[in-house]
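Taking the hints into account, I'd like the entire structure generated from these sequences.
Chains as they are written, first to last, in the working numbering: chain B, 1 to 344; chain R, 1 to 344; chain G, 1 to 344; chain A, 1 to 344.
Mixed in with the good hints, there may be bad ones.
No copy is singled out in the list; a pair is fine if it fits within one copy or between any two copies.
[Unchecked claim] Under the rule of at most 25 Å between Cα atoms (straight-line distance), these lysine to aspartate or glutamate pairs were calculated in the DMTMM-like manner:
no. : residue 1 : residue 2
1   : LYS108    : GLU134
2   : LYS242    : GLU337
3   : LYS137    : GLU40
4   : LYS250    : GLU40
5   : LYS244    : GLU40
6   : LYS51     : GLU337
Hints listed in this document are in silico derivations from the structure and should not be mistaken for laboratory results.
Number of protein chains: 4
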Amino acid sequence: MTTVSILGGSGYGGGELLRLLLSHPHVEVKQATSRSHLGEYLYQVHPNLRKRTQLKFSDPAALEPVDVLFLAQPHGQAQHNIEQYAKLGTKIIDLAADFRLRDAAFYKEWYGEDHAAPEWLSKFVYGLPELHREELKTANYVSGVGCNATASNLALLPLVKADLIDLSSPVFIEVKVGSSESGAEGNAGSHHAERANVIRTFSAFGHRHTAEVIQELGVKNVSLTMTAVDLVRGVLATAHAKVKSGVANKDLWKAYRAVANENPFVRVVKEQRGIYRVPEPKILAGSNYADLGFELDESTGHVVAMSAIDNLMKGASGTAVQCMNLMMGWDETTGLEFAGLHPI
Amino acid sequence: MTTVSILGGSGYGGGELLRLLLSHPHVEVKQATSRSHLGEYLYQVHPNLRKRTQLKFSDPAALEPVDVLFLAQPHGQAQHNIEQYAKLGTKIIDLAADFRLRDAAFYKEWYGEDHAAPEWLSKFVYGLPELHREELKTANYVSGVGCNATASNLALLPLVKADLIDLSSPVFIEVKVGSSESGAEGNAGSHHAERANVIRTFSAFGHRHTAEVIQELGVKNVSLTMTAVDLVRGVLATAHAKVKSGVANKDLWKAYRAVANENPFVRVVKEQRGIYRVPEPKILAGSNYADLGFELDESTGHVVAMSAIDNLMKGASGTAVQCMNLMMGWDETTGLEFAGLHPI
Amino acid sequence: MTTVSILGGSGYGGGELLRLLLSHPHVEVKQATSRSHLGEYLYQVHPNLRKRTQLKFSDPAALEPVDVLFLAQPHGQAQHNIEQYAKLGTKIIDLAADFRLRDAAFYKEWYGEDHAAPEWLSKFVYGLPELHREELKTANYVSGVGCNATASNLALLPLVKADLIDLSSPVFIEVKVGSSESGAEGNAGSHHAERANVIRTFSAFGHRHTAEVIQELGVKNVSLTMTAVDLVRGVLATAHAKVKSGVANKDLWKAYRAVANENPFVRVVKEQRGIYRVPEPKILAGSNYADLGFELDESTGHVVAMSAIDNLMKGASGTAVQCMNLMMGWDETTGLEFAGLHPI
Amino acid sequence: MTTVSILGGSGYGGGELLRLLLSHPHVEVKQATSRSHLGEYLYQVHPNLRKRTQLKFSDPAALEPVDVLFLAQPHGQAQHNIEQYAKLGTKIIDLAADFRLRDAAFYKEWYGEDHAAPEWLSKFVYGLPELHREELKTANYVSGVGCNATASNLALLPLVKADLIDLSSPVFIEVKVGSSESGAEGNAGSHHAERANVIRTFSAFGHRHTAEVIQELGVKNVSLTMTAVDLVRGVLATAHAKVKSGVANKDLWKAYRAVANENPFVRVVKEQRGIYRVPEPKILAGSNYADLGFELDESTGHVVAMSAIDNLMKGASGTAVQCMNLMMGWDETTGLEFAGLHPI
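Quick look at the structure:
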């Protein structure tokens, strides 16, 4: 059995990792840390793990070496301690934003401060298998992905990969998100009485995840607009772009099918009847699928590309486990087989 | 007292009209019709009206003449019967889409069929006071407004009125809507188990309300993208446009403040702290306010304009009552004083 | 104009009071206090008040004398300062629990500590007009009501008043509540991601509001079981009791109709068809109605009595305003005319 | 591989069965039938099955013999066709209510009509493993369970099994349910705009599932009161009973722990800190667990027993698969390993 531990296991990303790793057939979870919940059973914080494990939260200072170390801490911690972590984990997968960007100057541009370990940036592979599958197979250090970046990158992937859109025109991505995105700590606006029933465009542009779209897809003229809606899990990215002259529906079908065929967790949803005709995060809770769809106005070239994911799965912990599977040479889908629920 | 009746009172728009008219100080509600609920008390269908009225639903065929006749029927009926209705109501306010567009060819382009009473199109005034206040004061026939069109028109109004945006660039409007938009009849996707927790981009472009934005604001290069979210009442329009060269934040502030000052139901929401910094439909349920906001990226000229309304109030029945007030020479806000609730 | 001020205006109860008082025709709001929001506009905390008032939050220490002083502070403060408050308000209405119970020993039994001003307990009238209308007309000091106590008391009122139930049998009241009950401060479990989708029986028995049912109705053998559900505003009390031998449906009808006839804000909801056949808090948001219903199993004597209210209106601020109306000799319903919304 | 088919696969119970059976390691799904969706892919109705199966819905008339036939039809059909079905399935598991009651007279009492195949009633085992594990191991015909009955039976099971409650006192069970209970067809009240935000006590007593509590636990003096709340999946039963004289908390702990130890899908939830201290259906979506809890007022003997399940899993399809596992001699938990999600 491969040994794994999680540094920072009491947040939502850490909890989802625990759920996945505790039922993963090839790994043994050694430790999960939490300062605020030190000594509590994991299931006291993550009640879905009751009767699944008798593990308790450990002190981060008491971490022992493992084969794969997952970092699930708040942003900004890993870059200050990466040398130490590298001694604890033969392989490291970091869910935070510390090592997502490849360029220190670009990091400073979006995060407003110097990176604390710029020499490590090039050692990490950006952990989205749909973009970096081959590199991940040999990587020792893998960064997590931003959930909104992932929804956006996957919405545009078929269009960019098949070179169908005009990159000189602006790309507007409207991202709608659930409340688990704000993390287990929450904020003043997270109170159910304030957060329920909202449609709140809380960030018009400038969201940090935008940097991951620019870096990974090379789409420079892009903006992410973030709107909170009444949902716990899920992200829908609705992207507006302009296709190149002459591009038609059949070209898009071909591009989308190709991406779905190459990637076990990508599906194309574009139905003519029934209730579920387009990608929807509703049915993806707990699943690692990314559902993609599109509509093209052939008269104007306006394409609306949609991508739905569970922000805690494909947008965070699910993809992290998928990366581990690739890094370890296991089947990419191991431990990620849950189909999602209907209705929910 | 001015006498009023409602043709089609069992739907959501008709119910909201009834609520408003029954407590309006200057009117007396004579009849509300419904074929399917004939003979039932209004409060059996609209339970909020219990102890407010002992009226029962009448047969549409038994309508008697009144000063103001409201039409709250499904789209497509009023245009076939307008001659008859004109004999029953000295003034007519139609909530449906039959008389919103001024041009018969334009109507056919968007509704896919010939208009049944094209000679009546020019007799109607488009019923949005923020655009047609003066004409409404002398109008006898007033059309209702599309709820999504209203959110979109008000989002762009300050920008268009002050001539701040580049109309040659495309304008993308992302409209997020609650479930009351689909009407009391609903559809297969309206079942709570299917409709709860959704983020469903059900119409990428081509929504009929787009025609009202083109007609009323003269913005030709516009698309409305519709996304259903988990909420009963409320619309948020988030519009993306490009400002003209040199336009700065102060110009937008001036334009928005002007519109808010001229219109009793328009407010500007743009706060630096607190939970409610941007327009949100959540707090508008039952109120007739339209809350407007904006964010400008001065480096690129990308402006994100937001407008939040209650689709049944400012987006339908509230605006219809506001029109009646203007048509009758009453204070524009009469009977529309409800402030909305916090929290809700 | 009668002058009023609110001590503690930034919570949910205080916000609802402000909404009601700012549109009340007979009063002028002088001050609303908040330490944490000192100097902010009321509408920055209660966004529904935007364009309704330019008042800012005052320092509690700067309160000036008024005709009616409302106390909307957390429990436990008023009893320590009542002497001082009595100098600031000719009449006082306290929304907290400090002066609800008449007996100091009973207070200690339920609140676990000695009352700080026991000599004031007898000066207050329990502020539920359906129980104390006549006393309220001459009262200077009025306590607020517990929202769950109010739902429970009104559920049982017709049965107790007409002496229909067997008080030797236990009365179980299942109270289901929304998230605004936990107050604007909230708690760990208030985070939307944890609080959405819940059915959480958080208190099996022993809830403090039980004391108000015992005191006001004389039902000693009663328990309140509290369950949180996914809703912001609203309480439904479903009470189980045993009727006296021989009591039949017609007796209950008579008892319920009598209470509805005597009280402008009580309605009986018991329909044979349609969607809304029983009392539901859903349609009461913002309204001051209490909707009552019942089902009697004549074969066993088991009666299920239901009562639905908006916890912030009939369960708190709405009833407080109703009390003010009575204390001042105004029409009881003044400023409380909002009918509630359908759908919502 | 064991072959299985589902008669009636387009409803919610059938869809959940399909999800479970398609990933079950020991079975092969041969057919799923639907008249209204004949020829459609399963994933067009159950969108979570996309990329999991290319099966299409078959005609019920074209069903071929299999090892295990699941019946997931509306109530009332199986009893008319059971002779025919017995030729198609060596073993039969019926999710509907046709064969849940053992006695034809008792069936008539609760269902208001004669049973169409009374001679078959004794051939079926009531399909709740926590009550009938040993009989299920040799059964050929197994009935499904009512979801509300299951929540109620499991809430009371430790108390009844350990003989702790006074059966002469009435037992009141308040059952709160989500919208998936009303089935995929729904009804007028299922429209999201009417069903969202509800707390609706739609059945005070007399619910048919009550019969299953009477039959299975021998608790005659029991009533189920049903309240709909805003949730898609999930049931919480909160039962009120009176313990026998002298019964103390430690007796209950012992009784609950025993049941949890004997049953792989039963857990006891009774924590002193954290957010999740009591059983909650919220975290059970998709899982087969039943979470049980209790509170005892030792001074009065009033016990509040709670049971939370996912109505489509432990309350229907999950338990049906658990029964199949027992009938086939497989590990009871096979294919039912999903832990549930937090948060959701």
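Let me make sure I understand: some of the numbered hints might not hold for this structure. Which ones are they, in numerical order? 1, 2, 3 and 5
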